[in-house]
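Residue numbers for the sequence shown, in our numbering: 0 to 188.
Note that these hints are calculated values from the structure, not bench results.
If a hint is listed, it holds; no wrong ones were tucked in.
Pairs of lysine-lysine residues, derived as BS3-like cross-links and limited to a Cα-Cα distance of at most 30 Å, are as follows: (1) Lys31 to Lys86; (2) Lys155 to Lys110; (3) Lys109 to Lys47; (4) Lys126 to Lys55; (5) Lys54 to Lys155.
Pairwise CB distance ranges (calculated): (6) Ser104 to Ser49: 24 to 32 Å; (7) Asn77 to Lys47: 20 to 28 Å; (8) Gly131 to Gly29: 19 to 27 Å; (9) Lys98 to Lys31: 27 to 35 Å; (10) Glu97 to Glu158: 29 to 37 Å; (11) Asn120 to Lys81: 31 to 39 Å.
The beta-carbon is built from N, C-alpha and C at its ideal position, and this holds for glycine as well.
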Amino acid sequence: MKYKNIFLILTFNFLLFSCLYSADLGIDVGNKTIDFSLNKLSSTTSFKISEYINKKPVLINFFATWCPYCVQEIPELNRFYKEYNDKGLIIVSINIQEKYKKVESFAKAKKILYEVLFDSNAEVSNKFKVYGIPTNILVDSKGIIVFRGNNLPEEKEIEKILPKQKNVKPLKKKSQEIDASQGKTKKKK
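Please construct the entire structure, taking both the sequences and the accompanying hints into account.
Structure below.
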């Protein structure tokens, strides 16, 4: 009986303190993102998310080459890149614990347009508490997580944060077109 009570008290304390600890880690919607720096596939430089806070929103995609759901997201991520990169959205995919050569050939074969980063020891994915892949996290320009899920955010969630960002032009409305010769917007008929 005495051991049972001690066990229950220890278990309760463990659960209580684990919840309190994770509440401040910046992993949930509404919290500030965790700062991280990872090596890029495309160069010898690294990507540091703090360089984009107060500048641009970032879509973070955690993936692995062997994950069929991750592979299914690539065309949509490429489309997001084409649509929103010039409007200020930074897209990065973080590969978890795979060899450089394997990821390099995978990225070429799948024609990945956005930046691929390496989390070789799973340190960043552990900080973000990534338990399943794909995991997608959308961070606004203030560094606040506005979306987290195993699916991609809907475009309306991306568009909602873009016009409010510094250094980002508002989205062109479908009912307007740009007169390139004069740089003016005119209504479509």
